[in-house]
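**Q** The chain contents come next:
There are 2 protein chains.
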Amino acid sequence: MRNVTKDNITDVFAGYMSEDTDPRTKEVLTSLAKHLHDFARETNLTHDEWRKGLEFMEWAGRITSPERNEFVLLSDVMGLSSLVDMIHSVPEATSSSVLGPFHVSNPPPLAIGADMKRHYEGDVLLVEGVVYDTDKKPLAGATLDIWQTAPNGLYSSQDEEQDISSFHALMTTDENGRYAFTTVKPVEYTVPSDGPVGQILDAVGRHPWRPSHLHFITSAKGCKSVVTEVFPDDDPYLDQDTVFGVREDLVMSYERQAAGSFPDGFELSGKVSGEYLRVEFDFVLVKDD
Amino acid sequence: MRNVTKDNITDVFAGYMSEDTDPRTKEVLTSLAKHLHDFARETNLTHDEWRKGLEFMEWAGRITSPERNEFVLLSDVMGLSSLVDMIHSVPEATSSSVLGPFHVSNPPPLAIGADMKRHYEGDVLLVEGVVYDTDKKPLAGATLDIWQTAPNGLYSSQDEEQDISSFHALMTTDENGRYAFTTVKPVEYTVPSDGPVGQILDAVGRHPWRPSHLHFITSAKGCKSVVTEVFPDDDPYLDQDTVFGVREDLVMSYERQAAGSFPDGFELSGKVSGEYLRVEFDFVLVKDD
Chain A
36 MRNVTKDNIT DVFAGYMSED TDPRTKEVLT SLAKHLHDFA RETNLTHDEW RKGLEFMEWA
96 GRITSPERNE FVLLSDVMGL SSLVDMIHSV PEATSSSVLG PFHVSNPPPL AIGADMKRHY
156 EGDVLLVEGV VYDTDKKPLA GATLDIWQTA PNGLYSSQDE EQDISSFHAL MTTDENGRYA
216 FTTVKPVEYT VPSDGPVGQI LDAVGRHPWR PSHLHFITSA KGCKSVVTEV FPDDDPYLDQ
276 DTVFGVREDL VMSYERQAAG SFPDGFELSG KVSGEYLRVE FDFVLVKDD
Chain B
36 MRNVTKDNIT DVFAGYMSED TDPRTKEVLT SLAKHLHDFA RETNLTHDEW RKGLEFMEWA
96 GRITSPERNE FVLLSDVMGL SSLVDMIHSV PEATSSSVLG PFHVSNPPPL AIGADMKRHY
156 EGDVLLVEGV VYDTDKKPLA GATLDIWQTA PNGLYSSQDE EQDISSFHAL MTTDENGRYA
216 FTTVKPVEYT VPSDGPVGQI LDAVGRHPWR PSHLHFITSA KGCKSVVTEV FPDDDPYLDQ
276 DTVFGVREDL VMSYERQAAG SFPDGFELSG KVSGEYLRVE FDFVLVKDD
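The listed protein sequences correspond, in order, to chains A and B.
Quick note, our numbering runs 35 ahead of the 1-based positions in the first sequence.
Quick note, our numbering runs 35 ahead of the 1-based positions in the second sequence.
Source of the hints: derived by calculation from the structure; they are not laboratory data.
It is possible that part of the hints are untrue.
Just so you know, same-sequence chains aren't split out, so a pair can sit in one copy or run between any two.
[As the list claims (entries may be wrong)] With a Cα cut of at most 25 Å, we get these calculated PhoX-like pairs of lysine-lysine:
id, residue 1, residue 2
1, K69, K41
2, K41, K322
3, K41, K259
4, K322, K256
5, K220, K69
6, K41, K306
7, K61, K152
8, K61, K256
9, K306, K87
10, K87, K69
11, K259, K322
Please read these numbers as outputs of a predicted model, since none were measured by experiment.
This is chain A alone, in the form it adopts within the complex (with noise of 0.2 Å):
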């Protein structure tokens, strides 16, 4: 096309493309470039504003590691994370919420009723509940895998002091689809804000802070699994969580119960005098197709 102008921009991108391209990358491809396009003709997006989004990706690649992808950031920040888990989540079963970057391949098994905080001092937190389907039918070997911060607020990846495992666990359901363990509460926490993602979230007064979490990968067979987090409901960050986290089913009492009412059938069970925190969640999966 020789005369390509911004107003048939976009269809000139779209007809370059061969008539035997994939239907679907043709479809992500074009609705991409007249999102794009329309977001340029929409702001009159000037040269300095351009090249300023340019060298914000440069940074944002000059600063991803193994350990550190901004480019994940960006998206949660932008809210295009969450929003993609909204899209598949399925309104019957639990809502899907951020797997974010701290999750750790090969969680080390922990028994129903055992403990995941070993040496951490801090509140006890009581988690409990049962993984059900749709149908209210709870499912046995049903498997969550379990992570949290530590309560300096780090992740073990993000913290020499604490061993890769710690705070991460893979627990089975028994025959009743139960599944208990205790810990400490986690900590609400920043996401990294030394970056162009933090020079963003300043430009717009945002702060960096994400509200306290429990993250669950909760599968069983037959079923689709589902990547969440549950939050407590006195959280002050809850109503601004800066990467879109929360949906309403999320959000859970942590309940502080009396000093000597610690339940038997724990690791615990006669450890704990004082008082100590319980929070039960349930979770609904969904069947495959």
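Since the structure of chain A is provided, determine the placement of chain B on it from the hints.
**A** Relative to the frame of chain A, chain B by itself:
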């Protein structure tokens, strides 16, 4: 917002910005988020596609160096670079077209009528014209920063055989606004296609070729500079420039001239006995606001 949904996330994103955010920053980022979200919603972007996009950006980051910028190339092949050029083009003036990554700072001065091709072989091309303002007044003392490929299809910065100022020149117009020089015809070439951008081009059956062109940055006191390119009308890639740089007013006839007709007043006068090519191209610059 604790109940973020796929329908309200764009508003939640805008709502997170503080009230004293710079209005232009707010406008650009809100539009960017809206189009990014609409893109994901319209295509039902899958987690696999989202991950692939992020891996693509990481790869672009790794391959980008001071000598090669894959993000600029991505912007080029997506049509964004050309679109930003066109948005800020002035209809009465010469169209602008992509700067590209091969411009070299501080090009060597070239006198009117001098030869830019040095010892390089090939058909002699005589290029001349006048720089005008939009009142058709010739602009004396206007400067033309000129660059092109050598006959091997490489720019000086890509080619160890050339010194860095090879096929780069800075010319100043005479009292009649005229410029004139000789060179060899530039050749068509491919953009780098061994990285993620090449993978996109492959996926949609697009070639990496650009039609041959002469680059100019034309400037004059009191006028808006224009960054542009001039294309021969017989180039096989004219209708499918992979970076969308061709505009109708930038397409010229490179006319073949009879042997023995080479004019006086050039460094090569009396030295060109055979046929040669000639192109006449006038620039029109708009006055500064």
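**Q** From the Cα coordinates, with 25 Å as the cut-off, is the pair K306 and K87 best called within, between, both, or neither?
**A** neither (58 Å within a copy, 48 Å between copies)
**Q** First find the shortest C-alpha distance between K69 and K41 inside one copy, then the shortest across copies, and answer within, between, both or neither for a cut-off of 25 Å.
**A** both (12 Å within a copy, 20 Å between copies)
**Q** When no copy is named, should K220 and K69 be tagged within, between, both, or neither for a Cα gap of at most 25 Å?
**A** neither (45 Å within a copy, 36 Å between copies)
**Q** I want to check one pair: K87 and K69. Are their C-alpha atoms no more than 25 Å apart within a copy, between two copies, both, or neither?
**A** For K87 and K69, both the intra-copy (21 Å) and inter-copy (19 Å) Cα distances are at most 25 Å.
**Q** Checking K61 and K256: alpha-carbon separation at most 25 Å within a copy, between copies, both or neither?
**A** neither (34 Å within a copy, 46 Å between copies)
**Q** Within a copy, between copies, both or neither: which one fits K259 and K322 at a CA-CA cutoff of 25 Å?
**A** The answer is within: 6 Å in one copy meets 25 Å, while 63 Å across copies does not.
**Q** At 25 Å max between alpha carbons, let me know whether K41 reaches K259 within a copy, between copies, both or neither.
**A** For K41 and K259, the Cα distance is within 25 Å only across copies (20 Å; inside one copy 44 Å).
**Q** Should K61 paired with K152 be assigned to within, between, both, or neither, using CA atoms and 25 Å as the limit?
**A** This pair counts as neither: shortest intra-copy Cα distance 49 Å, inter-copy 43 Å.
**Q** Is it within, between, both, or neither for K322 and K256, if the alpha carbons may be no more than 25 Å apart?
**A** Close inside one copy (9 Å), not across copies (71 Å); limit 25 Å.
**Q** Is it within a copy, between copies, both, or neither that the alpha carbon of K41 lies no farther than 25 Å from that of K306?
**A** The answer is neither: 71 Å in one copy and 45 Å across copies each exceed 25 Å.
**Q** Checking K41 and K322: alpha-carbon separation at most 25 Å within a copy, between copies, both or neither?
**A** between (47 Å within a copy, 22 Å between copies)
Hint violations for this structure: numbers 5, 6, 7, 8 and 9, all remaining hints satisfied.
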